[in-house]
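Q: Top line first, the protein sequences correspond to chains A and B.
Each residue of the first sequence is one higher than the one before, starting from 0 at the first, in numbering that gives the first Met the number 0.
Each residue of the second sequence is one higher than the one before, starting from 0 at the first, in numbering that gives the first Met the number 0.
Honestly, the hints are just simulated from the structure, not real lab data.
Values in this document were obtained by computation on a predicted structure and should not be read as measured data.
A few of these clues could be false.
Stated by the list, open to error - With a cut-off of at most 25 Å between alpha-carbon atoms, the simulated SDA-like pairs for lysine to any residue come out as follows:
#1 A/Lys52 - A/Leu42
#2 A/Lys52 - B/Arg37
#3 B/Lys74 - B/Ala58
#4 A/Lys52 - B/Ala27
#5 A/Lys52 - A/Arg96
#6 B/Lys119 - B/Pro132
#7 A/Lys52 - B/His36
#8 B/Lys81 - B/Glu128
#9 B/Lys74 - B/His36
#10 A/Lys52 - A/Leu147
#11 B/Lys81 - B/Phe63
#12 A/Lys52 - B/Arg34
#13 A/Lys52 - B/Arg44
#14 A/Lys52 - B/Ala47
#15 B/Lys131 - B/Ile82
#16 B/Lys119 - B/Ala83
#17 B/Lys119 - B/His84
#18 B/Lys74 - B/Phe63
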Amino acid sequence: MLRRDPLANPERAISRLYAYVAYRIGDGPDAEDVASDALERALRYRDSYDGSKGEPTAWLVGIARRSISDFFARRVELELPAVEPAAADDLETDTARRLVLAEAMSVLSDRERELIALRYGADLTARRIGEMLELQTHAVEVALQRALGRLRTALDARSGDEVEVRAQMPVRIGPSPPV
Amino acid sequence: MKRLRKSEYRVETMLRECRPRPSAAFLATHAEEVRAHRPRRGGARRTAFAVALSAGMLAAFGGFGGIGYASSAVKHAVDVTKIAHLVGVSNKPAVTPQGGSETHNPTFDQYRPGKGCGDKNHIHLRENECKKPPK
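When you get a sec, could you build the whole thing from the sequences and use the hints?
A: Take a look at the structure:
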């Protein structure tokens with residue numbers, strides 16, 4: 000067994016973990032709670048990490064997936080935190096893009112969200128995702144492209160050449176079994 | 000209301016750039032917690048290092064004949080001890096009339112009688128190498 004500290008670089012690990020969780024359940028306090036829970040578990044099982052079985056982020060994401068399952072099991076219906084309204088003048092482009100993205104993400108299925116979260120949140124490669132979900136790398140890439148296509152369509156559908164961003168937009172995600 | 004142009008939507012770039020980030024407080028608190036629970040695995044690592052170093056040194060000495068040299072040096076030392084024991088060399092220093100130690104006296108060391116072949120006062124360990132006068 001190759002023993003290595005999976006949390007040797009805590010800032011990086013926590014950032015990736017949080018990004019993954021937030022893409023799955025939405026940015027905000029709930030994501031912080033779930034990420035905290037996952038980290039607590041990770042600290043508990045830190046010594047059992049086997050470096051030969053995968054990279055630290057994949058190990059951490061595996062723990063986070065269980066935390067997310069528990070989170071969905073606890074709540075019948077999750078309402079993503081409403082984004083605080085902001086005046087049109089001080090609404091930065093970055094914030095606007097986040098809002099648009101969050102809204103567009105709501106059209107994706109749970110499986111597509113999972114794939115997007117693993118690829119762009121946890122920053123795992125398609126190969127690693129395939130290992131984690133027991134899928135072929137090619138199948139992961141195809142599914143990711145399909146998810147990106149749907150996301151692109153959703154973003155485009157927001158408007159023609161221009162997109163209006165609403166400050167308040169509660170997004171509802173129904174509970175679904177983990178992928 | 001904020002208006003964004005369609006050209007801004009490059010989905011992949013957007014997903015990376017808009018990746019949710021934890022708050023600074025959350026990050027700092029948890030990073031500190033993780034560091035506080037850092038496992039200590041120095042013991043096993045130190046033992047492994049000591050074993051590896053010993054094996055390496057043994058291999059190096061073996062490769063360059065160091066082990067044979069060391070064993071012959073030990074053998075030689077044992078032989079010398081045996082001879083000294085047989086001829087009765089004492090480790091006890093002789094005391095000079097002045098009260099000093101005879102064996103730790105530089106004058107004695109330099110001018111003591113008998114250092115070569117044929118000297119009756121000298122215990123010659125390699126007497127067989129001495130040239131013997133023709134009978």
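Q: Hints first: check each against the structure and report whether it holds.
A: Cross-check of the supplied hints:
Restraint check for A/Lys52 and A/Leu42: satisfied, since their Cα atoms lie roughly 18 Å apart, inside the 25 Å limit. Using a Cα cut-off of 25 Å, the hinted pair A/Lys52 and B/Arg37 holds, with the two alpha carbons roughly 21 Å apart. The straight-line distance between the Cα atoms of B/Lys74 and B/Ala58 is roughly 22 Å, inside the 25 Å bound, and the hint therefore holds. In summary, the hint linking A/Lys52 to B/Ala27 is not supported, as the alpha carbons are separated by about 29 Å, beyond the 25 Å threshold.
Under the criterion of a C-alpha separation no larger than 25 Å, the hint pairing A/Lys52 with A/Arg96 is inconsistent with the structure, at around 37 Å. With a CA separation close to 15 Å, the supplied pair B/Lys119 and B/Pro132 stays within the 25 Å bound. For the suggested pair A/Lys52 and B/His36, the alpha carbons sit about 23 Å apart, so the restraint of at most 25 Å is met. Using a Cα cut-off of 25 Å, the hinted pair B/Lys81 and B/Glu128 holds, with the two alpha carbons roughly 19 Å apart.
Of the supplied pair hints, the one linking B/Lys74 and B/His36 is violated, its CA atoms being roughly 55 Å apart against a limit of 25 Å. The straight-line distance between the Cα atoms of A/Lys52 and A/Leu147 is roughly 29 Å, outside the 25 Å bound, and the hint therefore fails. A distance of roughly 29 Å separates the Cα atoms of B/Lys81 and B/Phe63; the hinted pair therefore is violated under the 25 Å criterion. At most 25 Å may separate the alpha-carbon atoms for a hinted pair to count; A/Lys52 and B/Arg34 meet this at roughly 23 Å.
For a cut-off of 25 Å, the pair hint linking A/Lys52 to B/Arg44 stands: about 21 Å separates their Cα positions. A distance of roughly 23 Å separates the Cα atoms of A/Lys52 and B/Ala47; the hinted pair therefore holds under the 25 Å criterion. Between B/Lys131 and B/Ile82 the CA atoms are separated by roughly 22 Å; this keeps the pair inside 25 Å, and the hint holds. A hinted pair counts as satisfied when its Cα atoms are at most 25 Å apart, and B/Lys119 with B/Ala83 qualifies at roughly 17 Å.
Only pairs whose Cα atoms come within 25 Å are accepted, and B/Lys119 paired with B/His84 is accepted, the gap being roughly 19 Å. A C-alpha spacing of about 19 Å is found between B/Lys74 and B/Phe63, which places the hinted pair at or below 25 Å, so the restraint holds.
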